[in-house]
Each structure stands twice: as structure tokens, then as C-alpha cells.
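**Q** Sequence:
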Amino acid sequence: MQILEEMQSRGHEALTLLHHAPSGLRAALAVHSTVLGPAIAGVRLREQDEDLAIRGALALSESLTLKAALAGLNYGGGACVLMTPECGMDDPHAREALFRALGRQVRPMEARVVLTEDIGVSPADIAFVAQETRSTLGMHTDTSAVTGYGVYRGMKAAARFALGSESMRGVRVAILGVGAVGRTLAAHLHREGARLTVADDRPERAEALADALDGVTVVGNHDLFDAPCDILAPCGYGHSIRSVDVPRLQCRLIAGGEHHPLTRRGEDAVKEAGIVYMPDFAINSAGLIAAATDLDMNQAAERVYQTVGRITAAAEQYGKAPHVVARKMAERRIALIGSLGGAGTWRHA
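Heads up: the sequence shown begins at 1 in the UniProt record's numbering, then just goes up one per residue.
To be clear, the hints were calculated from the coordinates, so they are not data collected in a lab. No incorrect hints appear here.
Simulated DEER-style distance windows between Cβ atoms:
#1 Asn298 / Arg160: 18 to 24 Å
#2 Glu110 / Gln299: 26 to 32 Å
#3 His20 / Ala111: 17 to 23 Å
#4 Asp223 / Gly274: 21 to 27 Å
#5 Arg191 / Asp245: 26 to 32 Å
#6 Val244 / Ala14: 30 to 36 Å
#7 Gly11 / Gly215: 43 to 49 Å
#8 Asp223 / Ser243: 17 to 23 Å
#9 Gln306 / Glu96: 36 to 42 Å
#10 Gln131 / Gly274: 47 to 53 Å
#11 Gln317 / His20: 49 to 55 Å
#12 Ala212 / Leu4: 44 to 50 Å
#13 Pro247 / His140: 43 to 49 Å
No residue lacks a Cβ here, since even glycine has one placed at the ideal position from N, Cα and C.
Turn these sequences into a full structure, and let the hints guide you.
**A** Now the structure itself:
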């Protein structure tokens, strides 16, 4: 991978590799933009190699830039992908050491980077980071629960555009990935009477959800794309929908909690297929909003609902695809605020 070339093409500002042998810290920290304020960097802990960590950090940081801008927050976008130490994470003292080591290494970057939780990382982990640096958010917010509810509310707003109604009663929703966000989304949809089909790369999680919620159908990951459905909700780790999978899709709307479920080529493919795609940075921002502001879950999810409503209204008015409109809206705010010049106050929205 030509790292500098990719950074230039996406507009990244910085990429830092972090290492601390005693704690097992190995991480890629990407800063995409600080135009609106310090870069909010979601911290992920996943078992992956160095190249995947770098790719993930670059992609996630760009999504965070767009997400923060579209949500009206005075933050830029970043991402920190931790590689799981070879010794594992079962020892609580080892976990504390890892996240405190991360905090110490980020401390010199306090003016530019703010860390918050993402996949595999808990508020307790961020609390360890906070012992070493002030640059943290989300220690007191269950961001997964808030994000899941926000995705549900955003999905309803998107369904009004794509399906003609925001009611989920009887709507067939296929959920790919039932981790914390996917489970929360499924619970809200089930409560409203949606017909759910679920899949997960850990089948036992899908089976556990089916045991908890009556009427849920479980299929394999590979089979979910062939499942008849109205809405496909990707809630996995990223790029779960390949371009070659698009012809198999049965849905009319893609709306889920997963960061960048489609590549740019995939976005073009679903547009050609007549499928509405509500991008991740528009619909999965409630957890970030709650962590960065004083808004509660309902207020943060309502902001997502209103944002998706503005996107679909503009898409209908101008005859553009919603994912194209969403990106333009985010980029326009960044450009306008950036045109003010100098450093802003960087206060919470």
C-alpha cells in the first residue's frame, strides 16, 4: 500500500504508529481533518495485522470527519486502531497498562486528538486513557446503546424516503452483525413489529438474539445478501458489502451502524441498482453526539432523525442519491467553517 499516496488522495493530515513493548501497545493513529476542531478518534481493539490497522485507521478517520461535520459538531475526524497484544486481554492489569500507555503516547497530541470508544473498547478502557491525558470523551456514555437507537431513528427517516413510510411494522429488515449496536437496533425494530433476519460472523450471537426475540430468522453471513428484505442494515466491522455482492441484494434501502460498509465503487453499484444508501456517517452518529455534548439518548437520536430528513429532502429536491447529498453537505460545512481562517474555539456543539 502506498500510504502517503492514499493519505494525499483522501486529504489526511497525519498518520502516527504507536508502540510500547512492555504493555504490548501497537496502534495506528490517523488524523484526517482538524478544520472544525480537534480530531475525534474512535479507538478500536481488533486482532489484525499492521497493514489492516493502518488501512482501517485511514478509512475510519475520514468517516469521522464527515460524521462530526454532518452532526454539527466542532470536531474533526480521527481513528486509532489497536492491535491485540499477543498475550491477550484477559488480565485486567494488562488491559489497564495497554490503555494507559495509549494515553501517555497521545498526551503530546492533546491539542489535536480526542479519544473515544469504538469496537472492542469500553468506557472503562477510556477511563484508563483519561488517567494519562485529558483528551477523552464518552467515559460516562453507553455509546453503543445510543448509536443503535440513533440508527433505528435514522432508518425510519430514510424509510420514509425509500419505502414511502417510516413505520417498521411488517417491514423486512436483514441485519448483518449483531454486536452491541446490531442487537440494540434489532430490539427497537422488533418492538415495532419489523420482521427480522440476522447473521453474524459469530453464529452464537445471532442464535442468542433469536432466542431473546421471537420470530427472528438466523442465516449465515454469506446467505444474508440473498434474503428477501426491504432494508439491509450492515452493523459489522466495515466493507461488509463487496461490489460483487450488490447484484444479489434484495433490499430497497441500505441503512446500518457499520462504518463504510461500501467502497466508493460499491456506492456507485448500489446507485445503479436503484438501491437507496444512507451512509454510515449520517446515520450512526448518535453515540458520538451524546459523548461530545450534553444531549441524552433521545435528543442525540432525534438529531440523527432530523439530519437524515434534511438529506432525503435535498435528495428529492435535486434528484440526487442521498449518499451523494450527505457527503456534499458535510464537505460544505467543513469548507465554509474552514474559510473563516485561524483556529476556532473548538467548543462542543
